[in-house]
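The opening residue of the sequence shown carries number 212 in our numbering; numbering runs sequentially from there.
No incorrect hints appear here.
Calculated cross-link-like contacts (lysine-lysine; reagent style DSSO-like; alpha-carbon spacing at most 27 Å): (1) K229 x K243; (2) K229 x K244; (3) K234 x K216; (4) K234 x K244; (5) K244 x K216; (6) K229 x K241; (7) K216 x K241; (8) K216 x K243; (9) K216 x K229.
Just so you know, these hints were derived from the structure itself, not from any lab.
Being a predicted model, the structure only gives us computed values, none of them experimental.
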Amino acid sequence: MEFFKTDLVEIQDDSLSKIALQKALNAYEKCKKPVIVED
Numbered sequence: 212m213e214f215f216k217t218d219l220v221e222i223q224d225d226s227l228s229k230i231a232l233q234k235a236l237n238a239y240e241k242c243k244k245p246v247i248v249e250d
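With the hints as extra help, turn the sequences into a complete structure.
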């Protein structure tokens, strides 16, 4: 596991799962590796 710091767009939504999913997809697009995001 390695740390990859980047700025991610955070959508505004009442659903934490939608926010986390969007952040994970955005992070994957940037690094092309499996990701874990934290909010």
